[in-house]
Structure formats: structure tokens, C-alpha cells
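With the sequences and hints as input, model every part of the structure.
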Amino acid sequence: MSDAMKIGGIDKRWVYLLVAIGALIPIIKPLGLPVLSTPAVEALFEKIESLEPGDVIMLSFDYGPSSAPELDPMAESILRHCFQRDISVVVVALFPLGGDNQAKIALNKIVPEFPVVEGEDYVYLGYKDGGLAVLRRMAEDISIVFPQDNRGIPLEDIPLMQRVQNYSDTELSVSLATGIMGEWWAILVNAQFGQPVAVGATAVSAPKYYAYLKAGQMLSLLGGLKGAAEYETLIGEHYPELKERSQIATRGMDVQSIVHLIIIGFIILGNIVYLISRSERTRAGGRLASK
Amino acid sequence: MPLSDLIGIWVAAFLTLAIYSFLYKDNPVYRFAESIFVGISLGYEIGLVFYRTIWPNLVERLIANPGPNWYLAIGGILGLMLYCRYIPKISFLGKWALAVYIGYFVGVELMQRLHGDVLPQIKDTMLPLNGPFWGSLQNLLIVVGVLSVLIYFYFSKPHTGILKPISKVGVYFIMICFGASFGYTVMARISLLIGRLTFLVDGWVRPMIALIFGSS
Chain G
1 MSDAMKIGGI DKRWVYLLVA IGALIPIIKP LGLPVLSTPA VEALFEKIES
51 LEPGDVIMLS FDYGPSSAPE LDPMAESILR HCFQRDISVV VVALFPLGGD
101 NQAKIALNKI VPEFPVVEGE DYVYLGYKDG GLAVLRRMAE DISIVFPQDN
151 RGIPLEDIPL MQRVQNYSDT ELSVSLATGI MGEWWAILVN AQFGQPVAVG
201 ATAVSAPKYY AYLKAGQMLS LLGGLKGAAE YETLIGEHYP ELKERSQIAT
251 RGMDVQSIVH LIIIGFIILG NIVYLISRSE RTRAGGRLAS K
Chain L
1 MPLSDLIGIW VAAFLTLAIY SFLYKDNPVY RFAESIFVGI SLGYEIGLVF
51 YRTIWPNLVE RLIANPGPNW YLAIGGILGL MLYCRYIPKI SFLGKWALAV
101 YIGYFVGVEL MQRLHGDVLP QIKDTMLPLN GPFWGSLQNL LIVVGVLSVL
151 IYFYFSKPHT GILKPISKVG VYFIMICFGA SFGYTVMARI SLLIGRLTFL
201 VDGWVRPMIA LIFGSS
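Those sequence lines, one after another, are chains G and L.
Start counting the first sequence at 1; every next residue gets the next number (my numbering).
Start counting the second sequence at 1; every next residue gets the next number (my numbering).
By construction, these hints were calculated from the structure, which means they are not laboratory data.
Treat the hints with care, since some could be wrong.
What the hints assert, rightly or not - Computed cross-link-like contacts, DSBU-like style, restricted to lysine-lysine with a CA-CA straight-line distance of at most 35 Å:
no.	chain 1	residue 1	chain 2	residue 2
1	L	K123	G	K214
2	G	K47	G	K243
3	L	K25	G	K12
4	G	K47	L	K164
5	L	K157	G	K29
6	L	K89	G	K208
7	G	K29	L	K168
8	L	K157	G	K208
9	L	K168	G	K208
10	G	K214	L	K25
11	G	K208	L	K123
12	L	K164	G	K208
Encoded structure:
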């Protein structure tokens, strides 16, 4: 067996180990690599910057723990940005496997950082099953779908919800989505009801969503951890007092950079080994044919 | 640190390591963790849907105010009919409910896709090619990409003659698309790894070291 074939037959567990080491080092000792923002993310930041204090946005937690490393930092940054600017937030959860929990975790973490009052500055309406049906009904009347908030208080008794009957009473809807749910907001809430929609998507879904972004069906797209890190960067640039608190995704991008370099190295190595092996096989085949 | 938090952190750390042990090789600890995940996920979803949707949106409304809410019972009955498939004698009722559900969903989805997906995307592909150079080049790339990929997926005629080179161009566009998707997928999977490793380092190892050796 040639050296090239030996390298080609390397136990994949060595690759896992190298990736694990490459990921652990920046977690233990962050490198502080720069993150540059892109127009797709800046659009959401600028939209929230353009809102007046007291304006309302809807934030939908359409993901569970399996997407939390990517989407939690987005949720936290957007909530911080809104509360910092006195923008009111109507929070809902539409993802069955953990959307409710992720919303509670984010609110429990961010709310104590600001002098905001539940029911006046923000409200959490809880989880509702039904996906598309829920989105459709909320265009008519949110209280049909969510008769009460997460605490069990009827919507008519909540000051914030007295100002909000449906999408048209909000300035923007933001969906932090896994799977197909971000697409629903674009093709239904934006395309049919005209509501500006921004989507924070997992990186797996992001490539597909660029078509909606380009077609204007999404105001903004935050793609995966990179999108979250970009938003954190924008928050840090405009609100230095929030910078230290909004660093989770930015730290993660250090790991991404190192691990991507390792993976690129393996892809190049794999291709070199493949080409050498192929040329060796061709030569060996030629010798056999000549005999 | 409260004892409940401590136990929770250790259980989470154990389950994380149990799942990652699959990378070494399949083993009973991995399968134990996997089974726990599947079971808890299902139980969680059933409880959540019942207490957050079925109870407040159906049962409570029917009990409190049945007059104007009678129509909600139709949805409830159709939902119950789905479970008739488990009783052989009346399993046909499950098919009726499924037929209603499919009919509704197709009707809604068809118009929704047309208005929300197909038409806006077609509109966005009709781009001017006579503007500033770089803008036009970008638009040309999109137009060529869409047309060549559509021709690649046009199977009513053999890909010979003029169709052959055009579909070949379509293949290159598809390959670039797959490459971009793969890159994003790698980023997503690494993000999950980051999430778990960050928990293990910052949520488990560091607090335990601080607990054992003091937080100084």
C-alpha cells in the first residue's frame, strides 16, 4: 500500500479528535477574531433603529434546543436591542419541541438587565400548536389564537395587547426559525398580509432563504451563528454598554474559523490523496495491460 | 449552587458525553441516551399540545361558552376520528378525517404557495439586463442560472442538441448551490458542537473546579 493510500485510509476518529481539539482551544482561550457585518443583517438592525419608542414588534421562537447554539444569541441580541430602545415586544413560540422553553430562557436572561415591565413593555403569549394555521389566524385577531398570555391573564387585560390586535399593529415580525418555519413567515405573513418579516435561520436553512431575501419577501436574514455574531457586532458598535453581554456568537466564530480551517485542510488533503491514488491505479493498470 | 441545578448539570453533561461516545463507536450508553431523548421529546410534545392548545383553545371554550363556539367541536371530533384507525371495525373513520385534513391543507397550501412562493420568485427572476454593468452581470447570472437549471430538470425531451450544453451549465449551477449548502451545513453542525462544548467547559468543568477548589 502506498503512502497516499495509507493517508486515505486514516481512521476517521482522528479527524473527530482534531476537530474537537480545534474547537476546544478557542472556547478555553478566545482569540477575538473580527466579525464584519453584512447588509442582510444590517437591514434588521437598521429597521429596529428606525422604530420609535413604544412601537411594537413580534418575536417568534420557532426553534428548540437543537438549534439553540445558533439562534439563542440572535434572540438575546434582538431582545436587548429592543429593550434598550424602548421597543415593545410581543413574544410567541410556535415550535413544538422546545420553542416555549427557549422563549422563557431568553426572557429570563434578558428581562432582568432592563427596567421593563411584563404586560407593558413585553408580553409572552406562550406556545401554540398549528404553525401555518396560527400564522393565518393572527392576521385577523391574535386573541383568537392566544386567548391568554403565558401567565393565564386574558389578553384584553394586558395593556400592551390592548394596542395590538393583529400584525398590522406591529411594525415588524421576527421569526427565529428552524426548518421550514421561517419560510412560512415569508410566504404567508409577508406575501399575503404585507407584514415586514425578518428571519433568523439556522445555517442549514439559510441558503434557501436567500431567494426570499432577494425577492424582498424578507426584510433581513440572519444566517446561523455568523448572522448572530454580526448582530452582536452591530450591537457592540452602537451600544458599547451592551457589548460585553452580547458576545456568545462572536466567541463561537473563533471556533468556526479554526474548525473550518481544519476541515478545509482535510478536504485539500483528501483531494490530493485521491488524485495520487488515481494516478497510481492508472499506472498500475497500464503495467498490467502491457504484460 | 442549589442541589437541583448541580444534579441537572451533571445529568446534562453525562447525556452529552453519552451521545458523543457514538463518535468512537456504537455502544449501549449512547443508545440509552438516545432512547431517553426520543421518549422525553414525545412525552413533552404530547403534554405541551394538550395543555397549551387543546385545553385552552378547544375544551375551555366549549365548556365556558358552547353556543358561539359550537363549530370548534367539529375540529375536535375530526381529531378524535384520526385515532379510530387503531380500532379495526371503525378504522374507516380515520380515513375520513385524514381526507378532510388533506383536502383543507392542499387547498390552503396551493394558493399560499402560488401567491407567496411561485409568483414572487418568478417576478424576481424577470430582471433587466440593460442597466449598469455589474448589476446587469449579476442579473444575467441569475437568469442564466434559473433557465439552465430548469432545462436540466426538463425530462420530456432527451438532453441532446442545444439542450445538452445548457443542461450542463445547469449542472454547474446546481453543484455551486450544493457547495454553498454544504458549507452552511458544516457551519450549522459546528455551531451545535460549539454549544455542547461551551456547556461542558463553562457550564460543567469550570463551575465544578470552582466548587471543589474555591472560586478564587
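Here's how the hints hold up against the structure:
{"no.": "1", "hint": "L:K123 <-> G:K214", "verdict": "11 Å, holds"}
{"no.": "2", "hint": "G:K47 <-> G:K243", "verdict": "20 Å, holds"}
{"no.": "3", "hint": "L:K25 <-> G:K12", "verdict": "11 Å, holds"}
{"no.": "4", "hint": "G:K47 <-> L:K164", "verdict": "46 Å, violated"}
{"no.": "5", "hint": "L:K157 <-> G:K29", "verdict": "59 Å, violated"}
{"no.": "6", "hint": "L:K89 <-> G:K208", "verdict": "46 Å, violated"}
{"no.": "7", "hint": "G:K29 <-> L:K168", "verdict": "48 Å, violated"}
{"no.": "8", "hint": "L:K157 <-> G:K208", "verdict": "28 Å, holds"}
{"no.": "9", "hint": "L:K168 <-> G:K208", "verdict": "22 Å, holds"}
{"no.": "10", "hint": "G:K214 <-> L:K25", "verdict": "44 Å, violated"}
{"no.": "11", "hint": "G:K208 <-> L:K123", "verdict": "17 Å, holds"}
{"no.": "12", "hint": "L:K164 <-> G:K208", "verdict": "27 Å, holds"}
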